[in-house]
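S.K.: Here's the letter readout for the chains.
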Amino acid sequence: MSLLSDDYTRRALLEVLLVGALCGIVGVHVVLRRLSFFTMAMTHATFPGVVLAAIVGIDLLLGSGLFGIVVVLGVTWLSSRSRSDSSAAVGVVLSAGFALGVALLSAHAGFTRDLSAYLVGSVLTVQPSDLVKTAIVLVVVLAVLASVGKELVFGAFDRGGLVALGYPARRLDLLLLLLVELAVVSSVPAVGTILAVALVVAPAATARLWCDRIGPMTAVAVGLGMASGVLGVLVSERAEVAAGAAIVLVACAFFAGSALLAPHTLTARAPVPEEAR
Amino acid sequence: MSLLVEPFASPFMARALAVALLLGVVGGVVSVFVVLRRLAFVSDTLTHTVFPGVVVGFLVAGTNGIVWGALAFAVLSVVLLTVLSTHARITEDASLAILLTGFFSVGVILVSRRPSYTADLTAFLFGRILTVDMRQIVVTAILGAVALLTLAALRKELVFRAFDPAGAAARGYPVVALDLALNLVVALVVVAAVRAVGTVLVIALLVVPGAAARLLSDRLAAIVVLAAAIGALGGWLGLAASYQASIEHGLRLASGATVVLALVALYGVAAAVGTVRSSARRRGRVTP
Amino acid sequence: MDGSEPALRFDHASLAYGRVRVVEEVDGVVRPGESVALIGPNGAGKSTLLRAVLGLVAVVGGRIEVLGRTPARARRDVAYIPQADTLDAEFPVTAGQVVLMGRYREVGWLRRPGARDRGIAAEALDAVGLADRAGDRFGTLSGGQRQRVLLARAIAQRPRLLLLDEPFNGVDAVSQDALLAALAKLRADGAAVVVSTHDLALAHLACDEVCLLNRHQVAFGPTEDILTPELLRAAYGGQALITDGAVVAH
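Residue numbers (the working numbering), protein chains in the order written: chain A, 1 to 277; chain B, 1 to 288; chain C, 1 to 250.
Excised from the complex, chain A in its bound form (with noise of 0.2 angstroms):
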């Protein structure tokens, strides 16, 4: 395909290659552990991160990925403070973290390209250190889950069950969110800050609607996050549209068509883990 032959496209297709497979590992257990919104807050406190570091002028990864933390321990704070409902006090969070956002972009620079970059991604600019970035926080990922994977699952079904074996569920949580947010950082220069919650979101739940196992599942929601950015990279470059709203319209057309054809219809029972069989 002549497509291929560009630079620019070879690279994002790669970055969306390794961006869909992190996503798709991280969000098998967003969705089990019904933390959409809270990523979507993550995503939306984020935001500032991404802008201080442009503004200072530190590497976007790094500098997004440190506020990034702060954000998780603030938000986590929070909602175990909160007396009955933690939806408000995240609420609260999301708006404080895009406001400053908004405000130190236009105190920097007013609203220039960059403001949209970081919004919704241009991931036809992406530089080959993003890839590498990119692959090694995919590597790390795979790693933390190779090792804890089982007991973040387990964790999800049953957190009473994994406190009473000696398990430190507080800090496996944690551990959960900071990989989430890992994956939301590096998602932003593919699909921007306000999509990255969907690439996380929707390969996963789309999953689910197929598989009732967590292995079978993870793999299908890699394949669909990373099939989700290659179509979305090509028909972004077909129909001359932006690459990254394109990726994520993908993502959500996989999903809405398998809620109409798949066998486990939006229900709300989770997978079973192998041992549980």
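Hints in this document: simulated from the structure, not taken from any laboratory.
Note that the structure is predicted; figures quoted are calculated from it, not measured.
One should not assume that every hint holds.
Computed, partial: chain C to chain B, Cβ under 10 angstroms [stated by the list, open to error]:
{"#": "1", "residue": "R31"}
{"#": "2", "residue": "R75"}
{"#": "3", "residue": "Y80"}
{"#": "4", "residue": "L87"}
{"#": "5", "residue": "A115"}
{"#": "6", "residue": "R215"}
{"#": "7", "residue": "V218"}
{"#": "8", "residue": "F220"}
All residues carry an ideal CB built from backbone N, CA and C; glycine is no exception.
We have chain A; now place chains B and C onto it with these hints.
M.R.: Frame of chain A, contents of chains B and C only:
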């Protein structure tokens, strides 16, 4: 004190203040119900699903078409949302996230085909409160009035349903219709705010005042009044801060953002006061 | 008041959620002034039966007649009392406001409760012994007191049939007595009561009849005749352990 009054001498700032106060009061009152019914995520979803309507309205009929496009998509979203949530077997939060981003990306795609992509995106997402005209103030006032009148008319049923949905259903109240009505009221606030603060920042108006007021009082009537006051105060302080930053320090801070930050700061104050209140109450309750 | 017409009649009633039958062949009558205990293991369909009396669950076989009418038509004269712990303890309402909610249907849409409604609500709260707590936030009351407030809300409705969903769970002795006293007064005034419960002692104490349910009706009749070990074991699937007047471990 003059710091808070001086900025609004010029007509455009005065109009911006009028809109901010209107939205603050209306958003504040609605936010009480958003907090009581835990509709923060649903409201966030609505702000994102309205966005493509904003773009479509603009493409079809220019800036005056924005509100109509937003209104059409708001109604569509509310119906979709209410239908989705009554089919209780869906894991709600994942579906909402996907609905939200799917609609939003449609909007982004529509905007991205225009040469003025970034400027348009910015205006739709963050509003341009400093360029509101009289017509917009009137439209905002009308939409806000409809929202408040609906809440006033249905308030006892909405509170009953929020407190005890099973009991309300047992009494024969149409719970789904009540939920639809409240979602529509939220959508009206989003549409009313779209020109002034944009779709992304309106979520703050729909959550923060109510959350802050809840920290300050246990009585519903007081909470509503406090939320309206906090909403209005946030608007006022935010606009004044943006103006001062620009005039005194040459710092351009987007007004929509400063309004939200002012609201969050007020929430922080409310949280501090609330903590003092509850520890004082605990100390005072010395029962033998 | 027509004393001959039953408050509640089950005529071989079977209930379903969609296509799944959940309760089969309930048959029996509750007359005005009588009370029935609904007893059975978890998942037996007790809550479903109560919801069917309210017209919220489909009756796919037989009939349910409430006050001589279909369940949906009879709703304004039927009061449902949920378990207090299903409600949000942080909600900013006072006990008095909760009781006033019982008047909302009478008041109607768009109108505000008047002095007469407030008077009825105050009387109802007094009938459960909590008049002095009217201004306190609902969540600051104890579990038993909250249950009493919910009963007061039902009393304010002036119902002819009351449906209580496990009202004595985790309720302290004082509140239990207050609940029983208020229920006795309602029955004396001619209302019928249906109570779902695990507490056999309470059933003996307060209920004329018992309906034993385990997805199908095991028995329906006078309390002394029904609360026998054999019938109870039949209802609880042969694994009931009855201790201290309550069914444990089923």
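S.K.: Against this structure, judge whether each hint is valid.
M.R.: Status of each hint after checking the structure:
A cut of 10 angstroms between beta carbons decides the hint on C/R31: the least distance to chain B is about 22 angstroms, and the hint is violated. For the restraint placing C/R75 at the interface with chain B, the shortest Cβ-Cβ distance is roughly 5 angstroms, inside the 10 angstroms limit, so the hint holds. A cut of 10 angstroms between beta carbons decides the hint on C/Y80: the least distance to chain B is about 4 angstroms, and the hint holds. Proximity of C/L87 to chain B holds as hinted, the smallest CB-CB distance being about 6 angstroms (cut-off 10 angstroms).
Look at C/A115: its Cβ only gets to about 16 angstroms from chain B, farther than 10 angstroms, so that hint breaks. The restraint placing C/R215 at the interface with chain B is violated, with a minimum CB-CB distance near 22 angstroms, outside the 10 angstroms limit. For C/V218, the shortest C-beta to C-beta distance to chain B is roughly 26 angstroms, which exceeds 10 angstroms, and the interface hint is violated. For C/F220, the interface hint is violated, since its Cβ never comes within 10 angstroms of a Cβ in chain B; the closest pair sits about 23 angstroms apart.
The structure fails to meet hints 1, 5, 6, 7, 8 from the earlier list, while all remaining hints are met.
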